[in-house]
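Colleague: So the protein sequences, as listed, match chains R and C. For the first sequence, our numbering begins at 381 and goes up steadily by one. For the second sequence, our numbering begins at 92 and goes up steadily by one.
Fair warning: there could be bad hints in the mix.
[As the list claims (entries may be wrong)] The following label-pair restraints were derived from C-beta to C-beta distances:
(1) 360(C) / 470(R): 23 to 29 Å
(2) 142(C) / 453(R): 53 to 59 Å
(3) 295(C) / 564(R): 43 to 49 Å
(4) 454(R) / 277(C): 24 to 30 Å
[Unchecked claim] Some chain R residues close to chain C (C-beta under 8 Å, calculated; not the full set):
(5) 432
(6) 434
(7) 435
(8) 439
(9) 441
(10) 443
(11) 453
(12) 454
(13) 458
(14) 462
(15) 472
(16) 474
(17) 549
(18) 551
[Said to hold, decoys possible] Some residues of chain R that are not near chain C, with every Cβ distance over 12 Å (derived):
(19) 398
(20) 407
(21) 440
(22) 459
(23) 487
(24) 516
(25) 520
(26) 554
Source of the hints: derived by calculation from the structure; they are not laboratory data. C-beta: ideal position from N, C-alpha, C; glycine also.
Okay, here's what each chain looks like letter by letter:
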Amino acid sequence: MAGIVRFENVGLRYGTGAETLSDVSFNLAAGSFTFLSGPSGAGKTSLLKLLYLAQRPSRGLIRLFGEDIVTLPRSRLPAFRRRIGVVFQDFRLVPYLSAYDNVALPLRVAGIEERELDTPVREMLEWVGLAGRSNARPATLSGGEQQRVAIARAVIGRPDILVADEPTGNVDSEMAGRLLYLFDALNKLGTTIVVATHDVHLLSRVPHSQLMRLDRGRVSDPTGALRHPPGVPQGGA
Amino acid sequence: MMLVWRSPSPRHGNMLPVNRLSGPMPWVIAIMMFLVVLTAAAGLGLGQASAHLRGGLAGRITIQIVEADPFERGRQLHAALKELRRLAGVTRASRVEPAKLQALLEPWLGTGLDSRDIPMPEMIDVDLTPEARARLDSLAEVVRAAAPSARIDQHAQWLAPLDQLLALLKWLALALVILMATATAFTVVLAARAALDNHRETIAVMHLLGATDGQIARLFQRKIALDSLFGGMIGFVVAGVIVLLLGRRLNNLGSELVGAISLPAGGWLLLILLPLLGTALAVATARLTILGTLGRIL
Numbered sequence: 381m382a383g384i385v386r387f388e389n390v391g392l393r394y395g396t397g398a399e400t401l402s403d404v405s406f407n408l409a410a411g412s413f414t415f416l417s418g419p420s421g422a423g424k425t426s427l428l429k430l431l432y433l434a435q436r437p438s439r440g441l442i443r444l445f446g447e448d449i450v451t452l453p454r455s456r457l458p459a460f461r462r463r464i465g466v467v468f469q470d471f472r473l474v475p476y477l478s479a480y481d482n483v484a485l486p487l488r489v490a491g492i493e494e495r496e497l498d499t500p501v502r503e504m505l506e507w508v509g510l511a512g513r514s515n516a517r518p519a520t521l522s523g524g525e526q527q528r529v530a531i532a533r534a535v536i537g538r539p540d541i542l543v544a545d546e547p548t549g550n551v552d553s554e555m556a557g558r559l560l561y562l563f564d565a566l567n568k569l570g571t572t573i574v575v576a577t578h579d580v581h582l583l584s585r586v587p588h589s590q591l592m593r594l595d596r597g598r599v600s601d602p603t604g605a606l607r608h609p610p611g612v613p614q615g616g617a
Numbered sequence: 092m093m094l095v096w097r098s099p100s101p102r103h104g105n106m107l108p109v110n111r112l113s114g115p116m117p118w119v120i121a122i123m124m125f126l127v128v129l130t131a132a133a134g135l136g137l138g139q140a141s142a143h144l145r146g147g148l149a150g151r152i153t154i155q156i157v158e159a160d161p162f163e164r165g166r167q168l169h170a171a172l173k174e175l176r177r178l179a180g181v182t183r184a185s186r187v188e189p190a191k192l193q194a195l196l197e198p199w200l201g202t203g204l205d206s207r208d209i210p211m212p213e214m215i216d217v218d219l220t221p222e223a224r225a226r227l228d229s230l231a232e233v234v235r236a237a238a239p240s241a242r243i244d245q246h247a248q249w250l251a252p253l254d255q256l257l258a259l260l261k262w263l264a265l266a267l268v269i270l271m272a273t274a275t276a277f278t279v280v281l282a283a284r285a286a287l288d289n290h291r292e293t294i295a296v297m298h299l300l301g302a303t304d305g306q307i308a309r310l311f312q313r314k315i316a317l318d319s320l321f322g323g324m325i326g327f328v329v330a331g332v333i334v335l336l337l338g339r340r341l342n343n344l345g346s347e348l349v350g351a352i353s354l355p356a357g358g359w360l361l362l363i364l365l366p367l368l369g370t371a372l373a374v375a376t377a378r379l380t381i382l383g384t385l386g387r388i389l
C-alpha cells in the first residue's frame, strides 16, 4: 500500500515551553487502520492536530498525500483539510445548527449544491442511526448521538484520512463497539483511519489494526516501526 | 427573539447564525448615516447657495443716481439706462420702481413717503455676464459719463466674505462626512472583530473542515451588509424628512439668499447613494478586517 502519511523527526513546541512531541517518525499506508495509544499527556492530541492540519510542527518533515505540508502555503491548506475527516474529542458540533446542517457542513464548505447534498446527508444520518433526529440541535442530543453526528460530519465528504480523538472516551462499551464498527466499515471502503485512545482493549475489536504508542511526546518504539497487537498476524486481517 | 436570516445561496447558507438587528451596530450605523446625510445635505445646500451667489447675485450691480434735482435725476437715469442697454455684456438693466424703493424704506421711514419731502435716489439693477464683470471699471466710466451722479454698488464686493464663509462651511461639511465615514469604518472594524470573537469556535471548526478565509469572510459580510443597509436606510429616511422640512422652512423665509440654500439637481440622488456607499464601505472594511484576522490563524 502506498504511504499517505509520513512523519520524519517531527517536533512540536507550544510557545517557549518544552517540546510536546519530539523526534516523531512514522509512515502510514493508505487504507491502514491505526490506533494511537499512550497515557494522558503523552501527546496524542498534539500529534493528531499535526495530522489534521490544525498545527504546524516546530521542526521535522510531514508529508501528507505525497506533499510536504510544513512548507505548504496557507492558501492550499483548505484543499488538504477537505481530504481529512476529524472526530474531535469534544465533538465540536456547531451548536446552533441542526444535526442535518452539522452533517451537511463539509459538503457546503466544499461548494456542493443544496439539491445535491440532501440525499447523502440523509443517508449518512441513517447510517449513524439518527435519521429521526435530523432536526435536533446538539444541545438536545445525548452524548452518544452527538458523537455519531460528529462521525457523520467527519465521513460525509468521503475523506482519504479519518482522524478520531478518543472517540470512545465518553460512551459506554456497547456504543464504543458500534463506533468501531462504523470506522471499520469506512476503512474497508479505503479510508485511512487514525484513532487516538488510551483504551488498548479496542485493538482487539479491529483485528487488522496497528498500534502506535506515544510516551512523553515520543513514539515509544524508537525505530519508528509500528507494532501490531499481540495475537494478530503482521499485515493485518 | 433571535431572527435567523437564511441565505438564499446554498453554498454559504446555514453555516452561521446571522442575527439581524440583534446588536447595536445597525443603530450605530443609523445614527452615523443620519448625521452624514444631514451634513452632506447641508454641504450640498451651501454649495448651491455659494454657486447662486457667484452666478446670480455676484453678477449684479446696482447703480444709484444720487441727485437732489428731480429733473436732473430723471435725465441721468434715462441716459444711464440708454448707455447700459447699449453695452455688450449687460444682460439686464432695469429701473427699480419708486414703489419698490418706498417699500424697502418703509421699515425705517414709515408709510406715505413722498419723494418731494425726502428726495430718493433712482436705482438701476444691472445683470452682467462674467466677461462684463471682469471689465467693470470701463463700464463704470461709461455710466458716469452719462450720469455723473451715479454710484455703482458691486454686489460681489459685499458678498465676498459671505461667499468665503459658505465655501468654508461647505468644506467643513465634507470634512465632517469623511470623519463620520471613518468613524463608521472603525465601528465596523470593532463589530467584525467582536463577531469573529463570538464565533471563534465555529470558525475553527469550519477551517478544519476546509473552509477558506474567503468563505468565512463572506458569511460575516452578509450580516454586516444587512446591518449597514438597514441602519443606513433608517438614518437616510429620518435625515431626508428633516432636510425636506428644513427646505420648506428656508423657502418660506422669502429671502433670495437664504432661499438659495437648496439641494442642487441630483442632490437627492447623491444623498440616497450615501447608505449604499456606506454599506459598500462597511462590507469592504469588514472583509479586510476578517481576512486580516483569519490570516493570523493557521
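Colleague: Now look at each hint and say whether the structure bears it out.
Modeller: Cross-check of the supplied hints:
no.: 1; hint: 360(C) / 470(R): 23 to 29 Å; verdict: violated (54 Å)
no.: 2; hint: 142(C) / 453(R): 53 to 59 Å; verdict: holds (55 Å)
no.: 3; hint: 295(C) / 564(R): 43 to 49 Å; verdict: violated (29 Å)
no.: 4; hint: 454(R) / 277(C): 24 to 30 Å; verdict: holds (27 Å)
no.: 5; hint: 432; verdict: holds (6 Å)
no.: 6; hint: 434; verdict: holds (6 Å)
no.: 7; hint: 435; verdict: holds (7 Å)
no.: 8; hint: 439; verdict: violated (16 Å)
no.: 9; hint: 441; verdict: violated (17 Å)
no.: 10; hint: 443; verdict: violated (18 Å)
no.: 11; hint: 453; verdict: violated (12 Å)
no.: 12; hint: 454; verdict: holds (7 Å)
no.: 13; hint: 458; verdict: holds (5 Å)
no.: 14; hint: 462; verdict: holds (3 Å)
no.: 15; hint: 472; verdict: holds (5 Å)
no.: 16; hint: 474; verdict: holds (5 Å)
no.: 17; hint: 549; verdict: violated (19 Å)
no.: 18; hint: 551; verdict: violated (21 Å)
no.: 19; hint: 398; verdict: holds (21 Å)
no.: 20; hint: 407; verdict: holds (23 Å)
no.: 21; hint: 440; verdict: holds (16 Å)
no.: 22; hint: 459; verdict: violated (7 Å)
no.: 23; hint: 487; verdict: violated (10 Å)
no.: 24; hint: 516; verdict: holds (15 Å)
no.: 25; hint: 520; verdict: holds (16 Å)
no.: 26; hint: 554; verdict: holds (28 Å)
In summary, the numbered hints that this structure violates are 1, 3, 8, 9, 10, 11, 17, 18, 22 and 23.
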